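J.: Top to bottom, those sequences are chains A and B. My numbering puts the first residue of the first sequence at 1, with every later residue one more than the last. My numbering puts the first residue of the second sequence at 1001, with every later residue one more than the last.
No wet-lab data here; the hints were simulated from the structure. Please note that a few of the clues may not be correct.
Said to hold, decoys possible - Just the calculated beta-carbon pair ranges, DEER-fashion:
{"hint": "1", "chain 1": "A", "residue 1": "Phe-20", "chain 2": "B", "residue 2": "Asn-1243", "range": "52 to 62 Å"}
{"hint": "2", "chain 1": "B", "residue 1": "Ser-1345", "chain 2": "A", "residue 2": "Ser-83", "range": "54 to 64 Å"}
{"hint": "3", "chain 1": "B", "residue 1": "Tyr-1253", "chain 2": "A", "residue 2": "Ser-166", "range": "16 to 26 Å"}
As the structure is a prediction and not an experimental result, all values here were calculated from the model. For glycine and all other residues, C-beta sits at the position ideal for the given N, C-alpha and C.
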Amino acid sequence: MTTPNPYITPDIGDTAYNDFRQFSVLSYNCIKYLMNNNELVWKLLQWNDSDAWNKANLTQEEKAALIYSGQQDTSQYRVFMDSKQPDVLMTEVALLRIMPYYAVGMNRTVGYVEVSMEVFVHYKINHMTNYKTRMDSMAEELLATFNGSNVGGLGLLSFDKMADQSSRLFMSGQIPFGGKQLIFSTYSA
Amino acid sequence: MAYNYKYIPAGLLITGKRGKTPKDDYVSLFQETLNNQFYNSSDWWTIQEETYTGSREYVELDVRINHVISTETGMDLGDDWKGLLFKDIDHAIELGKRYIFDGNTWMTINTEFYKGLAGTCTVRRCNNVLRWIDEPTGIYYEEPCCVKYELKEPRDYATSGSPFKTPGGFMHMWTQFNDNTNEIRENQRFLLGNPGHWTAYKVIGSGLNDFRGDITDKNDSVKLLVIDLAVDYVNEQLDDITNGIASVNKNIYTLTLNRAIAEGKIGDTIQLIANITYNGDTATRNVLWETSGFGIASVTDMGLVTLKKNGTCTITATIEGNPVSTTCGITVKASPATNVDIMISPDENYILESEDQIYEVWLYENDVIQGDTFTITCDTRAVPLECYGFTQVDGNHFHVWNKLRCITSYLTVNCVSGTNTRAFDIYLRGAWLNDNAG
């Protein structure tokens, strides 16, 4: 079977347009998927000591308590569905931000959406007793969890330069919060 | 002779008691005036004075206490500044010297020592305490300090490219320069505030101003330390947010002795051996030994106990300056039980990656080595086979090889000789000890 060229709009009618309806639930779906399919990331967000990786798994309630949902002081939370931070942080913590980052309409019916996952870690809590850094451990877990995953409502999420030239992991943040940013992509039609 | 302050009979100028010049007479008369009039006031008090700067020992002293006026503004400096007038015009006055009164520690921040007639100084109330743990030794320190009221440049700022706002603000404080505060270094963090809200402050790069010598050409005459700090971050897991001590939980010590109880008869000696771990790994620190009954058993600085009289007492071992301690119960009697130890050497509880170690294991009875042999087995727990090698070399030796670090578990070597057993845990660390990671 021949793979259709995605850059050619198929003849599917004049009213067929991509509505990108899943765009606004991308963050939610990814965080929910992470709650159900990963433990280490949550431990590294919850605990600020160098033995965090060795702690017990968090309950779903404990995970949920880390997620910001519109409260007054953002500095008390660790997981966000958007970028930037309006409130000053006064504690050595790690943060995770998952959000739609970029969208491309390849034609009027097919497009793809990039999902950005940002990990920020205060420099003083980055090195852990397992000879790994917290930041790289979290980035690795995100890659392992999401690459090729079928995140509900999104379709296949991939870390694949063949699918999206921007799929990559790179440094971000600024001292004292270093960071790693990962770009995944998913097709939308 | 009685006379009023500020009124000195003219005749005394000529017939001074001890001086040879009129100036000496004036000085002598001023002292005599003080002697006569010092207590003729409502502002004299008995306070505690440090015996010398940095001694941390105090003696009682009568002084007169007054408010202080700023020489620059003419304004009263407020209740946190006081002027002390001493009875003796030659009273030793030093910058940094501490006093205790009204439930507070006060520190000398200015003296009128040079070419001054009266013995006076200005003291500032210490309104806070610096608390810290010295990482290399585990010793806890507390030093009163005077924090300037206002934080300089308090603001949250966002630099270009930063995803976060950064807390800002500089704190200026004084403390006594002594053996303890001389340990403070740049980048050291302190918690200030209260158990409901601690803020971390970090000593800035130019923040240790320890160059205010009392004597021009003696840089060891500094007695006052001025510290500048900037706002930093609290770690709720690693910092002691109950007592306000930074990084306490990053420096975890344990202390055990080779014996929890021991028996002997008069004249015997018992060697106690302290085993210390620092963040899980065997470490060496100073240990202080103390006996609860010196007449029954004494103990040396090396943990050697000498039994002196029938009875019981407790030997306490403490890591110097650290709250961690443990005890050994001592019984002295005519027919004591035999003290049995299984000693493993070296006693380090870890092996670095790619290294191996041959251990000796010997039975001791009353500190005398025995020829007994052991059956030595290794409980591998969940350590993967590819991570370790273990062999019993002979009845008193075993060999352990750390082929590949194992961070999730450890080996337990069981040494059995008759009814005597000892379990010895060995951690397979990486190429370096990672027990002090942030």
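J.: None of the hints should be skipped; say for each whether it holds.
T.: Do the hints match the structure? See the list:
1. A:Phe-20 x B:Asn-1243: 52 to 62 Å: holds (54 Å)
2. B:Ser-1345 x A:Ser-83: 54 to 64 Å: holds (57 Å)
3. B:Tyr-1253 x A:Ser-166: 16 to 26 Å: Violated - the Cβ-Cβ distance for Tyr-1253 (chain B) and Ser-166 (chain A), about 49 Å, lies outside 16 to 26 Å.
When the structure is compared with the earlier hints, a violation turns up for hint 3 alone.
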